[in-house]
Every structure is written in structure tokens, then in C-alpha cells.
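Undergrad: One-letter residues, chain by chain:
There are 2 protein chains.
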Amino acid sequence: MLGTVLHAPGDVRVEELPRPTIQKPTDAVVRLAAACVCGSDLWPYRGIEQLAEPRPMGHEYVGVVEEIGADVRTVQVGDFVVGSFFASDNTCETCRAGYQTSCVHRDFVGGSQAELMRVPLADGTLVATPGTPDPDLIPSLLAASDVLGTGWFAAVAAEAGPGKTVAVVGDGAVGLLGVLAARQLGAERIIAMSRHADRQALARELGATDVVAERGDEGVARIKELTGGLGAHSTIEAVGTQESMMQAIRATRPGGHVGYVGVAHDVALPGDELFFSHVHLHGGPAPVRRFLPQLVDLIWTRQIDPGKVFDLTLPLADAAEAYRAMDERRAIKVLLQP
Amino acid sequence: MLGTVLHAPGDVRVEELPRPTIQKPTDAVVRLAAACVCGSDLWPYRGIEQLAEPRPMGHEYVGVVEEIGADVRTVQVGDFVVGSFFASDNTCETCRAGYQTSCVHRDFVGGSQAELMRVPLADGTLVATPGTPDPDLIPSLLAASDVLGTGWFAAVAAEAGPGKTVAVVGDGAVGLLGVLAARQLGAERIIAMSRHADRQALARELGATDVVAERGDEGVARIKELTGGLGAHSTIEAVGTQESMMQAIRATRPGGHVGYVGVAHDVALPGDELFFSHVHLHGGPAPVRRFLPQLVDLIWTRQIDPGKVFDLTLPLADAAEAYRAMDERRAIKVLLQP
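Same order as they appear, the protein sequences are chains A and B. Each residue of the first sequence is one higher than the one before, starting from 1 at the first, in UniProt numbering. Each residue of the second sequence is one higher than the one before, starting from 1 at the first, in UniProt numbering.
Just chain A, with the same shape it has in the complex (with noise of 0.2 angstroms):
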């Protein structure tokens, strides 16, 4: 079968790969509907990220069941799933808690960006939709995955809801569903940071009532004369820079909540701004499966439209041409088609 291996930074190849087999009787095979480039892809893609070996790229995911382990209960062979990008058993106490991405048991997913991908622990991982979705619903169903999943949770963890300023630091997918989920959760104001138009205007789309073009001191000087000199009540930091970090932790007023998703590289917080600031600070990799079947239910009777962060559509073939373009930022978010 094709998948996608990253070789080295920049090297990206879609090649023949073994096919997928049940190796854990807790194990499903999945054959893919969609797949799609992740933000998070770009740090090995562009060297930051150190590649020890070629990697078998993707962890966001839809498609049937083909194939399950002796012990899968809750999905079956046919089946329409949705996963999210760790494996979990969605039964310790830690994923009682709602931390999924912490589970005791926690196990990687990849390899998403191919035919065919094992999921392991599918019980816990896995979420059927009621029935085949119509085709124009598998963007949405895809972005829960990953991207709507962690922009829900960093929407949550900055405890977005009515009579909140939100503030929405990164403009790439999750960023944007984070205002979705900002909007969704019942946010009075969320400003969109960005400085590129056709993300604002999506940003606006989604439920964005302001945007700001400024980043950094000067970003958070615009956000703090947006919300009478206090700053948001709650801030999404998507990105993970230690500039990001700090503009979503000053762009926030005491007692304030920051919910940070982006994936952290080489960012050390100054602990005594941090203590003068008076913020929360929760995030960490969402706990996606937490959030799924309340997500797969908003998209399956369409209240939300969360596919529309992806701005271009590519055949699996193309995966290089896919991560260039969202390296250039020429995309938001790229959906492969296998």
C-alpha cells in the first residue's frame, strides 16, 4: 500500500510500504477516507525537530474499519471512525479525568497519511459516526481528529465561555477552530491574531468579532486596549514559541486562563513574570477523545463546519507538494485524498 515517509527535512516521499496488520488484539486496521498535513508536521519537515530515522508520516484520521483485533468491542469491521492522534484505553483514571493524551497506556498513532493505518487500543481511540457520512461531511469529521479536537480543548482549558474576551493567539487550523470553539462554548468577544487576510476573513467566518494584525508588545498593546487595559480574560496560544507563550500570557488579565496547544520548542517561561502575571496556565497535547463524540455529533447534524480550514485538496500522490505548500504557508491546511 502508499503512504507518506518523511526521509529528512524536506524530503518528503509517498512510496510503498508494508500493509498494516492486526499486531495486538486490541489493534484495528483502518482503511483512510482522508488524511491531511499537520502543523506539527512541519517541525521534523523543516529540521527543528530532530528525525532519527525515515518516519511514516499523519496522525489525523477517518475511514472504515477493515480489519479488528480479537479483543475490539466497540467498533466493528465496516465501520465509519474517527480517532484522535494518541492511542488511549479511555478507562485508567487518568483518561476517567479526561487526560486521554496521558492515559497509562498511551500509545503513538502514525502513519495516518497512507491507504491504510493500524490504530492501536481501538476501543478507547476509535469513534464510529452514526453511518456513512455524505461525502462533504469527511473534511469536519477529519479535523476532529486533530485540529478542531485541540482547538476545542485549548478553547476549554482557557475556560472560553459567556461574557469572555478570548483572545486567539496563531492563525493556522488550530488556531481557527480554536475561534470556532471559542464562539461555540458561548464567548462575547474573541479577536483573532493575524496578520494574513484570507485568515482573518476566515477567522471572521468561524466567529471571530475582531481581528489584530499586530503581534508581540504590539499585539498585546492592541488586545489590552480592546479589554480596558486588562486583557483577554482567556488567550489560545497555538503556535508554541517562546514568542507566542509569552504574548498569550501577557495579552491576559489576572485571574485570567491561557490554554496553550501549540507543540512547546525551546520555550523556557520566565518564572517571575509568569507569578507577577496572575494567569492560569493549563494545555499540554489535547485530549482529543475526550471531546469526540460531542464533536462528531456538532458536525454530523451540522452545526459546525470546522472542514472549512482546509483550502486545499491534494491526492495522496502529492504529499510532498502538500507540505510544501503549507510550509510557504500558500495553505492553511492540506486534505490528502488515498
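Misleading hints may appear alongside valid ones.
[Claimed, not checked] The calculated label-pair distances, taken between Cβ atoms and stated as ranges, are:
1. B/T74 with A/A221: 31 to 37 angstroms
2. B/G228 with A/K224: 41 to 47 angstroms
3. A/R204 with B/D327: 54 to 60 angstroms
4. A/Q242 with B/T74: 41 to 47 angstroms
5. B/G228 with A/P130: 32 to 38 angstroms
6. B/P293 with A/G216: 38 to 44 angstroms
7. B/E214 with A/H265: 56 to 62 angstroms
8. A/K224 with B/T74: 28 to 34 angstroms
9. A/H265 with B/G110: 49 to 55 angstroms
[Claimed, not checked] Partner residues aside, some chain B positions facing chain A, computed with beta carbon under 10 angstroms:
10. T101
11. H105
12. A128
13. A157
14. G228
15. G229
16. Q242
17. G255
18. G262
19. D266
20. A268
21. E273
22. L274
23. F275
24. H280
25. P285
[Unchecked claim] Not everything, but these chain B residues come out facing chain A in the computed CB check (under 7 angstroms):
26. T74
27. G78
28. A97
29. Y99
30. S102
31. P254
32. V267
33. L269
34. G271
35. D272
36. H278
37. L281
38. H282
39. G284
In case anyone wonders, no lab produced these hints; they're calculated from the structure. Note that CB positions come from ideal geometry on N, CA and C, so glycine has one too.
Model the placement of chain B on the given structure of chain A, informed by the hints.
TA: Relative to chain A, chain B alone:
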């Protein structure tokens, strides 16, 4: 009047100072019934925090109102009062959100290791007790001014409560009163981290169910052993060093809460470890004013006895010995009698 001044690291003197006066119509002048030395006073005493000029010391206080400005309404001359270590208006949006130490009009409170002190923003800063306290209540009311209020905020920030296991990093007065606060908030299990037999004993008296003598990685391992491998639900950090912050973060389970109140000195939190820890982080200078009415009531009705942390009482004239005793950890907390 007599007051305590730090002239240089290690050089504390009690000397004749100008009598404090009303400078603004919102000020009060308080005649101190008791004062004390704070763990944070040791930072400049030890030379770790720079001292630009001689500094009148002390920010914890109880006493009788001697004089009020023309605009003061809620306290009267003759009232016995407790106040917090930052002055706040207690009416701005930040105060109403419970973050009086970030009040938009916040002002410095200092010079309480003296016979008299000026308190700015008296209406928003001071809380009058129901009457003149019995002398044995004075140490507890004094504790409410900072160390109890700070330990209480840490326990609230760490979301200590029923069913929770709370770990406490730091066995100074704040950590010990964090134990008391966690107990009052209904925590099921409270693990005090302390190597000192006297402090261990006091921790147990104040509500600790377990004591861990190990620190650093070994301390974290012990906390995990005691919590089914997961870590504490809630961790109170009451030191403020890199080691203590990392110990607190690592001792906390995914999804758990760290409440940190040790004033951060040379702390840099690694973004990637924080990200994957999945903890909630909240803290800063405790908004003691938020809790003062409740704490005064608990003390007045003799439901709590936080004054137990004072294990040495000295006349104000012996302030230099008070600093030495705390610096050398011969005393947990020293009460000064003006």
C-alpha cells in the same frame, strides 16, 4: 517611633524613624499589635534580591487604627484591623475578580516591623475584627495577614478539596498553613514534604496525613508511590526555586493542579516538560484580601489556629535576632512585639 530597617544583606537595625502620617485621604495609620518576619524578607536579607537603598521592613500586620484620612469609610479610629501585604481598592474589576494583589490601583505596603505604619487604600485593604481580640488570637490574626492567606490561596489555586490528594512542597510557614488550608477545604489526603522533625510534627498537627522526607526526584517518586503511580491531584508550591517548582510540577498527575506562591527567583519553566505534564498552573502574589473576611471569622470562632506557626516571640528591638533565627532555620516564624 521605632522601626526595622535593612541596610545591607545581613544588616538589620531597629532605629528611630519618622512617625508615619496620613499622606492621602484614603490612608490609615495603624499602631501595630504584632508584626513578624516573612520568608520573603530573607531574599534581600541574604543578598539574593538586590537592595538599592536601606529598606523599612515588614508587610504583615495587625493592630489598632490610630488615624484615618478624610475619605476612609469602612474602618474607624480604634478598630482592631488585619490587612494584606498589597494595598488594593477592592472595587476595580480585577479586585472584584478576586485578584486584589493585581488591583489597578495597587500600592506597596511596607514598614510593619515597627510601632506604627501607614496603610494606603485603607477601605480596600483593611478588615476590622468584630471587636478587640483576646491576646491569644493575635498570632493567628497576624498569620492571616500573609502566611495563612498565602497558603490558603495556594490551596485554592491547587483546587484542594474533597476526594483530593494534596502534596505540599515547602515546610515554611506558608507551606504549613497550606496544609491547614487543604484540610479546611476538605482534602482527603495531605502529604507534607519536610525533612525537619519539628516541622513534620507541626504539619501533622495542622492536618497532614502523610510526610515525605525525600526531595527532588526522590520526593517525586515517593509521591507517585503514594498515589498509585499518578501523582497528587493538587500540589502546593511554597518555596519559589527552580527545584521546588519542578518538584511540584512533577509530583502532580496529568490534569492536576499546581498552586504556586513561593516568590519565583531565577525560575525558568521548560515549555516542553510543562506541555507534556498536562498540569494546571496558577499562583502568584496571594490576593489575601479575597480571603480575609472568611479567615478572620474562622480564627475569631476558633475553628483554626494558624498562630501555631510562630515558634519564637521577640521584642521588636530584637528584630536582628529574629532575622538570624529564621535565616538559620532555628525558627519557623518569629513574632515581633512592638
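Undergrad: Now, for every hint given, state plainly whether the structure supports it.
TA: Structure-based check of all given hints:
no., hint, in the structure
1, B/T74 with A/A221: 31 to 37 angstroms, "holds (36 angstroms)"
2, B/G228 with A/K224: 41 to 47 angstroms, "holds (44 angstroms)"
3, A/R204 with B/D327: 54 to 60 angstroms, "holds (58 angstroms)"
4, A/Q242 with B/T74: 41 to 47 angstroms, "holds (45 angstroms)"
5, B/G228 with A/P130: 32 to 38 angstroms, "holds (37 angstroms)"
6, B/P293 with A/G216: 38 to 44 angstroms, "holds (41 angstroms)"
7, B/E214 with A/H265: 56 to 62 angstroms, "violated (33 angstroms)"
8, A/K224 with B/T74: 28 to 34 angstroms, "holds (31 angstroms)"
9, A/H265 with B/G110: 49 to 55 angstroms, "violated (42 angstroms)"
10, T101, "holds (7 angstroms)"
11, H105, "violated (12 angstroms)"
12, A128, "violated (26 angstroms)"
13, A157, "holds (8 angstroms)"
14, G228, "holds (7 angstroms)"
15, G229, "holds (7 angstroms)"
16, Q242, "holds (8 angstroms)"
17, G255, "holds (4 angstroms)"
18, G262, "holds (9 angstroms)"
19, D266, "holds (7 angstroms)"
20, A268, "holds (4 angstroms)"
21, E273, "holds (9 angstroms)"
22, L274, "holds (7 angstroms)"
23, F275, "holds (4 angstroms)"
24, H280, "holds (4 angstroms)"
25, P285, "holds (7 angstroms)"
26, T74, "violated (23 angstroms)"
27, G78, "violated (34 angstroms)"
28, A97, "holds (5 angstroms)"
29, Y99, "holds (4 angstroms)"
30, S102, "holds (3 angstroms)"
31, P254, "holds (3 angstroms)"
32, V267, "holds (3 angstroms)"
33, L269, "holds (4 angstroms)"
34, G271, "holds (3 angstroms)"
35, D272, "holds (5 angstroms)"
36, H278, "holds (4 angstroms)"
37, L281, "holds (4 angstroms)"
38, H282, "holds (4 angstroms)"
39, G284, "holds (4 angstroms)"
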